[in-house]
Amino acid sequence: MFDTATSALIRRAPALDGLDLERLPKRLTEAFADIVSARIRMRGRSGEADGTEELAATLAELRRLAAAYEAYAALLPERDNRTAAAFVAASAHQVVTLGFGRDDAVSRIDVAAVSSDVCATLLFLIAEAHADAAETAKRIRPNPDRTGNVERALLIAIRNLAQGRLVEIVRPSLPELDPALQDTAAIALQALQHMLLKGVRRLASQLRSRIDRATEPDGVEPASAIFAHVKALCIEPIEGVLDSGEPVYSLYPGPLHLANLLLALEGDLIATALTRIPTPGNVAEGGWWQILRRMAWARPYLWRNHRDAIASGYLNQGVSSAISFPTGAGKSTLAELKIATALLRGEKVVFLAPTHALVGQTTRVLQKTFNRFEIIGDIDDEVAFDDSYILPGVTVTTPERCLMLMAMQPDMFADLGLIVFDECHLLHPREEDRSRRGLDAMLAILNLSQIVPEADFLLLSAMMKNTAEIAGWLKHLTGRESLTLDLAWKPTRQVRGCVVYPAEQIRELRRNLANARRHHPDHRDPPARVKRELGASPFGLFSLLQTWSTTNRADYALLKLVAERQLLSTGRQGSGDWYLTPNGNQTSGAIAAAAVTAGMKTLVFVQTTVFAEGCVKAFRARIEPVEVALTEEEYRWRELTVEEMGGRRLLLSQGGGRRPSPYGCRQSSWPVAA
Amino acid sequence: MQLELSDDGKRVTAVIVFEDKATENARSTIREDVWPGIVALEIGERLNELTHEVSAVLDARAAADADFDVDAAIANILWKEARRYRVSVTINDMHNSEKARERLFDGFDEKVPGGVERRRADTIYLPRLRDWMDAFAARVIAKVEMIASDV
Numbered sequence: 001m002f003d004t005a006t007s008a009l010i011r012r013a014p015a016l017d018g019l020d021l022e023r024l025p026k027r028l029t030e031a032f033a034d035i036v037s038a039r040i041r042m043r044g045r046s047g048e049a050d051g052t053e054e055l056a057a058t059l060a061e062l063r064r065l066a067a068a069y070e071a072y073a074a075l076l077p078e079r080d081n082r083t084a085a086a087f088v089a090a091s092a093h094q095v096v097t098l099g100f101g102r103d104d105a106v107s108r109i110d111v112a113a114v115s116s117d118v119c120a121t122l123l124f125l126i127a128e129a130h131a132d133a134a135e136t137a138k139r140i141r142p143n144p145d146r147t148g149n150v151e152r153a154l155l156i157a158i159r160n161l162a163q164g165r166l167v168e169i170v171r172p173s174l175p176e177l178d179p180a181l182q183d184t185a186a187i188a189l190q191a192l193q194h195m196l197l198k199g200v201r202r203l204a205s206q207l208r209s210r211i212d213r214a215t216e217p218d219g220v221e222p223a224s225a226i227f228a229h230v231k232a233l234c235i236e237p238i239e240g241v242l243d244s245g246e247p248v249y250s251l252y253p254g255p256l257h258l259a260n261l262l263l264a265l266e267g268d269l270i271a272t273a274l275t276r277i278p279t280p281g282n283v284a285e286g287g288w289w290q291i292l293r294r295m296a297w298a299r300p301y302l303w304r305n306h307r308d309a310i311a312s313g314y315l316n317q318g319v320s321s322a323i324s325f326p327t328g329a330g331k332s333t334l335a336e337l338k339i340a341t342a343l344l345r346g347e348k349v350v351f352l353a354p355t356h357a358l359v360g361q362t363t364r365v366l367q368k369t370f371n372r373f374e375i376i377g378d379i380d381d382e383v384a385f386d387d388s389y390i391l392p393g394v395t396v397t398t399p400e401r402c403l404m405l406m407a408m409q410p411d412m413f414a415d416l417g418l419i420v421f422d423e424c425h426l427l428h429p430r431e432e433d434r435s436r437r438g439l440d441a442m443l444a445i446l447n448l449s450q451i452v453p454e455a456d457f458l459l460l461s462a463m464m465k466n467t468a469e470i471a472g473w474l475k476h477l478t479g480r481e482s483l484t485l486d487l488a489w490k491p492t493r494q495v496r497g498c499v500v501y502p503a504e505q506i507r508e509l510r511r512n513l514a515n516a517r518r519h520h521p522d523h524r525d526p527p528a529r530v531k532r533e534l535g536a537s538p539f540g541l542f543s544l545l546q547t548w549s550t551t552n553r554a555d556y557a558l559l560k561l562v563a564e565r566q567l568l569s570t571g572r573q574g575s576g577d578w579y580l581t582p583n584g585n586q587t588s589g590a591i592a593a594a595a596v597t598a599g600m601k602t603l604v605f606v607q608t609t610v611f612a613e614g615c616v617k618a619f620r621a622r623i624e625p626v627e628v629a630l631t632e633e634e635y636r637w638r639e640l641t642v643e644e645m646g647g648r649r650l651l652l653s654q655g656g657g658r659r660p661s662p663y664g665c666r667q668s669s670w671p672v673a674a
Numbered sequence: 001m002q003l004e005l006s007d008d009g010k011r012v013t014a015v016i017v018f019e020d021k022a023t024e025n026a027r028s029t030i031r032e033d034v035w036p037g038i039v040a041l042e043i044g045e046r047l048n049e050l051t052h053e054v055s056a057v058l059d060a061r062a063a064a065d066a067d068f069d070v071d072a073a074i075a076n077i078l079w080k081e082a083r084r085y086r087v088s089v090t091i092n093d094m095h096n097s098e099k100a101r102e103r104l105f106d107g108f109d110e111k112v113p114g115g116v117e118r119r120r121a122d123t124i125y126l127p128r129l130r131d132w133m134d135a136f137a138a139r140v141i142a143k144v145e146m147i148a149s150d151v
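Chains A and B supply the protein sequences, listed in that same order. Numbering of the first sequence is given in our numbering, commencing with residue 1 and proceeding in unit increments. Numbering of the second sequence is given in our numbering, commencing with residue 1 and proceeding in unit increments.
No wet-lab data here; the hints were simulated from the structure. Note that beta-carbon positions come from the ideal geometry of N, C-alpha and C, so glycine has one too. Don't take every hint at face value.
Said to hold, decoys possible - Here are the computed distance ranges between Cβ atoms for each label pair:
hint, chain 1, residue 1, chain 2, residue 2, range
1, A, Asp308, B, Asp65, 48 to 56 Å
2, A, Gln182, B, Met94, 31 to 39 Å
3, B, Ala138, A, Asn143, 52 to 60 Å
4, B, Glu117, A, Asn143, 20 to 28 Å
5, B, Asp65, A, Arg79, 13 to 21 Å
6, A, Arg23, B, Ser28, 43 to 51 Å
7, A, Ser537, B, Ser88, 27 to 35 Å
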């Protein structure tokens with residue numbers, strides 16, 4: 001589940017007695033696979049099914065892991081390995097949440113504790129796992145009836161902080177304190193939540209500004225000072241309680257813990273702020289800040305891979321780069337920053353994208369960031385003949401069209417400073433590809449390097465293996481420095497498994513099938529009676545590493561997926577012998593139905609549209625109808641429709657609001673007229 | 001909650017979780033209120049609360065004593081689960097004998113397995129609990145009023 005970089009981070013967590021840190025990445029993956037397959041197997045029921053005790057032990061271990069490392073990250077923020085501790089704690093929280101299926105727990109920040117969704121979100125932020133933090137933050141949901149205004153605002157501010165929506169933190173006005181509270185502890189809690197909210201708002205403003213304003217006396221307090229103040233208020237020594245003289249404290253553990261977590265992340269988070277990128281050489285400070293401010297609106301944080309790139313001189317003039325980042329790792333952020341440097345130096349940019357759809361999409365995205373510059377996608381063909389045409393700031397186009405323009409108007413490209421090629425793996429023609437696309441793309445690059453030898457190159461792809469080789473080639477092509485930016489780190493996590501069957505079951509079925517063939521020599525296919533007996537138990541074989549390259553049993557987990565045997569299918573060889581086939585579409589449907597019943601969102605991929613339709617059609621029979629309670633408004637609409645249409649029998653959705661829900665979530669039973 | 005410290009006061013050996021109850025019906029309070037709470041802690045259900053409370057206590061202690069070993073405390077309490085329980089309950093005449101007190105805490109060793117040092121039970125004999133509470137509250141009010149008038 002964890003890439004090599006993340007596995008290395010996990011192994012750096014502080015040592016705990018009896019915990020094998022070397023194996024910890026695998027252990028977390030195994031726990032994840034355990035829990036997912038148990039949920040599929042039990043179809044969301046808890047209790048009776050097999051393996052529950054082991055599962056309980058796994059959950060207990062993960063909770064201890066989360067507890068110990070969370071305390072570590074909160075109490076020892078100056079330690080080097082706190083990011084590792086925070087990451088493990090957050091991951092363990094995440095897996096535990098998964099173990100409980102539909103998470104109806106409500107987010108809270110009360111006197112005694114902070115709910116685990118909030119903690120996991122902040123822990124991921126401490127670990128600089130921004131994508132995980134944003135994902136986990138989705139679970140932060142205030143209780144619509146019980147959560148007070150101040151607590152709700154604080155919860156939402158933390159969610160927005162993790163999801164990078166800083167403007168939405170600072171824009172709403174501070175909520176009023178609820179004057180109706182009577183209980184002293186509740187009043188104090190509300191005041192502490194209010195201060196923490198002020199701290200988070202202050203942190204958001206700091207993240208949005210170019211520099212930290214110096215703190216004047218009576219001036220604006222930095223977020224860290226506010227959090228430290230909350231901490232101080234949460235701990236009160238009580239004198240003279242114990243005869244032994246041992247200290248006794250009155251504490252507000254919930255707000256104190258939250259203040260500790262926020263203090264732990266504050267400094268590092270500011271260091272990741274996009275707004276703080278130093279102005280590159282030959283670029284005007286004012287223009288740079290304008291662009292950063294717009295970019296930070298949607299993506300305020302620079303990830304470690306971005307910061308590493310910038311630190312190695314990526315933004316400098318005369319530096320080309322080949323970037324191979326996996327999808328979602330922020331190639332566009334880096335591309336936009338580089339484009340900004342060219343535009344601000346008064347140079348033009350050509351952005352090559354392989355398809356017209358991508359040209360359109362890229363143009364729209366760039367127009368949003370560079371609103372003060374002219375960005376044009378898909379230049380008209382007539383331009384090719386217009387020798388007075390001047391290229392806009394950024395021209396987004398396909399390699400083919402660029403090639404055509406260069407042939408007609410080479411002078412047009414004279415003041416080009418940067419050439420970006422997205423999906424640059426297109427340069428490599430695939431064996432079965434008989435088109436000229438790879439060739440055209442290569443010609444476009446070579447011609448551009450001839451016409452404007454001063455221009456830098458930026459080649460981007462999520463599927464480039466030989467990034468260093470490509471960077472070397474760019475260096476050779478430009479005669480200047482060229483960076484290799486590739487990444488073992490992935491912003492997303494997956495556990496991969498495949499469905500397997502016990503060999504002895506398969507051997508037996510094969511024997512039976514061969515016997516049946518002998519008994520029915522003139523049948524084309526096996527008789528239905530034989531086919532009905534071809535059941536086998538599907539297991540999931542999950543890889544605990546990122547790949548399938550080892551044959552070590554300890555690198556894999558074998559877990560039962562569904563309780564019932566699934567029917568395999570048969571095929572016929574040229575010789576007339578029957579053989580077993582996996583019946584994959586049926587089995588995947590059965591596994592998907594079990595997963596959906598357990599409350600997991602499920603995607604099934606099949607090979608053809610015919611299979612897709614078959615899968616959907618069979619699906620309704622696979623799951624129990626889900627009782628859907630209509631809201632009063634939905635019920636009124638339903639009644640109105642019945643009246644309009646002239647009777648209940650005319651509704652596609654029959655019954656009093658009951659309807660099978662293929663998604664296992666609450667759906668309104670919308671009446672459709674037949 | 002109380003931390004149990006080593007002799008030099010630098011290391012935490014365990015955390016003691018208090019369950020103090022003033023009640024007129026000791027046995028049912030223990031059975032229906034105390035045991036489920038302790039069991040939830042033992043199987044890890046209230047671990048979030050315990051973690052944050054422990055971390056608050058350790059924070060306070062570490063702020064007061066620079067040599068205090070936070071790492072070992074975290075490892076002992078949260079990872080190795082060095083947890084002890086002290087159940088204190090008010091009793092009346094019904095449980096005011098050795099036998100009855102023993103019966104009162106029946107099941108403690110099942111809910112909290114392990115060495116006997118993990119379980120501590122206390123009773124306080126208050127035959128007329130309500131009257132005692134009223135009298136106590138009256139004295140507290142008098143004291144508070146006295147302090148308030150001094151300010």
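Hint check:
1. The given range of 48 to 56 Å is broken by Asp308/A and Asp65/B, whose C-beta atoms sit roughly 40 Å from each other.
2. Roughly 36 Å separates the CB atoms of Gln182/A and Met94/B, a value that falls within the hinted 31 to 39 Å.
3. Here the CB-CB span from Ala138/B to Asn143/A is close to 39 Å, at odds with the stated 52 to 60 Å.
4. Between Glu117/B and Asn143/A, the C-beta spacing of about 40 Å breaks the proposed range 20 to 28 Å.
5. Hint check: Asp65/B to Arg79/A, Cβ distance near 18 Å, so the stated range 13 to 21 Å holds.
6. Look at Arg23/A against Ser28/B: about 47 Å separates their beta carbons, and that is inside 43 to 51 Å.
7. Checked against the hint of 27 to 35 Å, the C-beta distance between Ser537/A and Ser88/B comes to roughly 54 Å, which is inconsistent with it.
In terms of the numbered hints stated before, the structure departs from hints 1, 3, 4, 7, listed from lowest to highest.
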